[in-house]
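Protein chains in written order, with my numbering: chain A, 1 to 477; chain B, 478 to 775.
If you are wondering where the hints come from, they were derived from the structure by calculation, not from laboratory data. Mixed in with the good hints there might be a few duds.
Claimed, not checked - Derived DEER-like restraints, expressed as beta-carbon distance ranges: (1) Ala43/A - Glu748/B: 28 to 34 Å; (2) His488/B - Ala43/A: 52 to 58 Å; (3) Pro46/A - Glu748/B: 35 to 41 Å.
All residues carry an ideal CB built from backbone N, CA and C; glycine is no exception.
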Amino acid sequence: MLTFAAPAFLLAGALAMLVPLALHLIRRRPPGRVPLPTARFLAEDPRNAVRVSRPTDLPLLVLRMLLLLLVGAAFSRPAWIPAPEGTSTVVLLDRGGVVDADGWRAGLSAARQALLGPEGEARGELVLFDTGAVHVPRARVRPELFDSLLAAGPGRAPSDYAAALRAIPAATRALRGADSVTVRMISTLSSAGWSPGLGALRESAWPGSIQITRLPIARDTAAGDPPTSSRRAYVVAGEGGRFVSAALGALGYQVQVIPPTGLVAATDTTTPDSGAYFVLAQPDRSTAVELLSRTRRGAALIVASTAVVDSGAWSTMMPWDGPFAVRPNSAGGTMWLGADLRVGGAAGRVEGRTAEGARTVGAWDDGRPAATALRTRTGCTVYLGTALEGGDLPFQAEYPAMLGRLARGCESQDATTIDRPLDSGALQVLRGRGASSIAANRLGAAGGIAFGRWLLAAALLVALIETMLAYRRRAPR
Amino acid sequence: MTATAAFLPPHLLERIGGLDLIAKTIVRGFQSGIHRSPQHGSGEDFAKHRDYQQGDDVRYVDWKLFARTDRLYVREFEERSNLQCWLVMDTSASMDYADPGGVPKSRYAAYVAAALAHLMLGAGDAVGLAAFGAEPRLLLAPRSRRGHLHDLLMQLERMSPSGSGAAGAALDRVGGTMQRRGRVVLISDLLEEDDGSGLVTALARLRARGDEVIAMRVLTAAESGDRPPGAGLFFDPEQPQTELPATPDADAGYVRRVRAYYDGLADRLRERGVEYVPLTTSQPVEEALVAWVNARRG
Numbered sequence: 001m002l003t004f005a006a007p008a009f010l011l012a013g014a015l016a017m018l019v020p021l022a023l024h025l026i027r028r029r030p031p032g033r034v035p036l037p038t039a040r041f042l043a044e045d046p047r048n049a050v051r052v053s054r055p056t057d058l059p060l061l062v063l064r065m066l067l068l069l070l071v072g073a074a075f076s077r078p079a080w081i082p083a084p085e086g087t088s089t090v091v092l093l094d095r096g097g098v099v100d101a102d103g104w105r106a107g108l109s110a111a112r113q114a115l116l117g118p119e120g121e122a123r124g125e126l127v128l129f130d131t132g133a134v135h136v137p138r139a140r141v142r143p144e145l146f147d148s149l150l151a152a153g154p155g156r157a158p159s160d161y162a163a164a165l166r167a168i169p170a171a172t173r174a175l176r177g178a179d180s181v182t183v184r185m186i187s188t189l190s191s192a193g194w195s196p197g198l199g200a201l202r203e204s205a206w207p208g209s210i211q212i213t214r215l216p217i218a219r220d221t222a223a224g225d226p227p228t229s230s231r232r233a234y235v236v237a238g239e240g241g242r243f244v245s246a247a248l249g250a251l252g253y254q255v256q257v258i259p260p261t262g263l264v265a266a267t268d269t270t271t272p273d274s275g276a277y278f279v280l281a282q283p284d285r286s287t288a289v290e291l292l293s294r295t296r297r298g299a300a301l302i303v304a305s306t307a308v309v310d311s312g313a314w315s316t317m318m319p320w321d322g323p324f325a326v327r328p329n330s331a332g333g334t335m336w337l338g339a340d341l342r343v344g345g346a347a348g349r350v351e352g353r354t355a356e357g358a359r360t361v362g363a364w365d366d367g368r369p370a371a372t373a374l375r376t377r378t379g380c381t382v383y384l385g386t387a388l389e390g391g392d393l394p395f396q397a398e399y400p401a402m403l404g405r406l407a408r409g410c411e412s413q414d415a416t417t418i419d420r421p422l423d424s425g426a427l428q429v430l431r432g433r434g435a436s437s438i439a440a441n442r443l444g445a446a447g448g449i450a451f452g453r454w455l456l457a458a459a460l461l462v463a464l465i466e467t468m469l470a471y472r473r474r475a476p477r
Numbered sequence: 478m479t480a481t482a483a484f485l486p487p488h489l490l491e492r493i494g495g496l497d498l499i500a501k502t503i504v505r506g507f508q509s510g511i512h513r514s515p516q517h518g519s520g521e522d523f524a525k526h527r528d529y530q531q532g533d534d535v536r537y538v539d540w541k542l543f544a545r546t547d548r549l550y551v552r553e554f555e556e557r558s559n560l561q562c563w564l565v566m567d568t569s570a571s572m573d574y575a576d577p578g579g580v581p582k583s584r585y586a587a588y589v590a591a592a593l594a595h596l597m598l599g600a601g602d603a604v605g606l607a608a609f610g611a612e613p614r615l616l617l618a619p620r621s622r623r624g625h626l627h628d629l630l631m632q633l634e635r636m637s638p639s640g641s642g643a644a645g646a647a648l649d650r651v652g653g654t655m656q657r658r659g660r661v662v663l664i665s666d667l668l669e670e671d672d673g674s675g676l677v678t679a680l681a682r683l684r685a686r687g688d689e690v691i692a693m694r695v696l697t698a699a700e701s702g703d704r705p706p707g708a709g710l711f712f713d714p715e716q717p718q719t720e721l722p723a724t725p726d727a728d729a730g731y732v733r734r735v736r737a738y739y740d741g742l743a744d745r746l747r748e749r750g751v752e753y754v755p756l757t758t759s760q761p762v763e764e765a766l767v768a769w770v771n772a773r774r775g
């Protein structure tokens, strides 16, 4: 198969052919003065006042057009690939922690479709990446590989796109025999994978554009929720709960508001373990017992500055050492839930400490704990030392992120980092510009026969013949 | 090989050498091409004796007769020729025109004039030379002596076409110098500003005097319409300021108009007893002269 590393030059050469053609055909010039003693017998021919040149020098015209075409073809760096294979693909598959199970399945399916032929044979190269990149040997790119990857699930490490980009040159060089190569990245493309200097690395890693297949970013999954379960949130509130519901809805939760009494009647008892319970108002005793029961079975319980019911179990389940109510006239301030999440404007706070065995999820400006978390056997209990609704903490843009961070309060700090999609600028940098399909011989990957130099030699020969012919035409006879 | 096949094309004549050699070559070809006639030979034809008178040239005294008779007699001879010939050459700017690869009309006219001079001087005629271009000029008075041919050829070599002039004035001046019957050969492209009326009148005037008048028209193939040129911005060399965009090779009217002009001119000349000889520069000079002479002899 014939390939061109820089086909634009071939196109330019073909277009340049039109220039001598146009000059030979449509160049208009005033006719030369010719003496003729019998001019008195001539009839005026106005059409001849401006003469249209005719292509009288057809051999010269053909030589000039051929010369331009040969030069263009030579600079397009053509190569003949003896074994045509069409376009091959390098797939960069994200197996980082931000990929959830659904995304992982979708990503594997896309990779499989791009890499395997109808007979299950490999048509490209597979690179798996998270913090590092692994170039899977081509012999191993079989249907069985994808089955095993699906069974293994995604990794837990964060994704690093720099690692993926660094693996591209080696993967493309491995595509010997292909006439052109494309690169496809299958990833969540979350902000966590971005690193400074990625733009420069992107330019050097791949000259064309990268095809992007975007996977959904793993949403804030409450601790204990099976990855495949649907996310549900229950807001226990006497009044209000409206803002919390809206914020959770923005996070993708199916939200149900439950009164502080009657939890069992209000919720589906068959699926009690999935979901997070946001308690904004003091529940009655039966509700409190049921909440604790569900927490032990895997649900997440997030309690926001709510008076504790008279239950020993309830108080021992809370990761908080101290009172549970907002102290009047207490200083509120700004609450930090990680280095990148700050929630300000709290009117009051609960003064207390992190219980033994629990961990601090959020802190006030003065370093005192603002939110704590305690992992139970399969679930998680989180206590927030300020009221979510009712005046202590006004609704603001950080509300959803804060709720997501609280719902995952028992997870490690790395895993609970809230990911956001790459902004359009970063995405554009990663995608790049230019053609998505790059000739393999341009990448040094093809093993074909390059004959650009021969075309250049032919162009020189044509130029020589053209010069001799033109000189002969113009020499006085 | 036919006789005409041996004629040299005009563009090759130039390679022979000077105009004297060219004239001899043309005459040789011409003489081999015409129908043979008895050669009368050269030499002085004795007529009669008469008594010597004071002032007679002593070279013509018959000394043998003086020895026998003791009286001085001078010999009188018949004139070898009683014909005065004038070659009237057109040296206007239009005569400088040449077809691509061909000889200029002025040069072709010089070949013809040289050959005619050679022939006429060989026959004992006195040959003079006149020209008209920028102005009418009588260059050489008719002579028949030896060495006159050289002077004629030198003058022909020096001719350089320029200017614009009418033949009528030159012909009138030639007519004014002729004391007796003679022959006038006009060699020109006959392109006159007044459609040839003045030319025809002047030639007719000469003819009315009893002179033999021959008008040799010299044209190139491009001018005559045999090979008209392609498209261009044309101008008359004698009126260079006037230009005309035209396409002669695609204009059938051009050939028609040229032929109509010269046919009309030839008719008017023949009506007045003037011999009209059309020549083209692509035609060998000897061939043209042979055809002309043979046509005269019938």
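We went through each hint and held it up to the structure:
Under the hint 28 to 34 Å, the C-beta atoms of Ala43/A and Glu748/B, about 29 Å apart, fit the expected range. Distance hint for His488/B and Ala43/A: a CB-CB separation of about 31 Å, inconsistent with the stated range 52 to 58 Å. Checked against the given bound of 35 to 41 Å, the beta carbons of Pro46/A and Glu748/B, roughly 39 Å apart, stay inside it.
In this structure, the one hint that does not hold is number 2.
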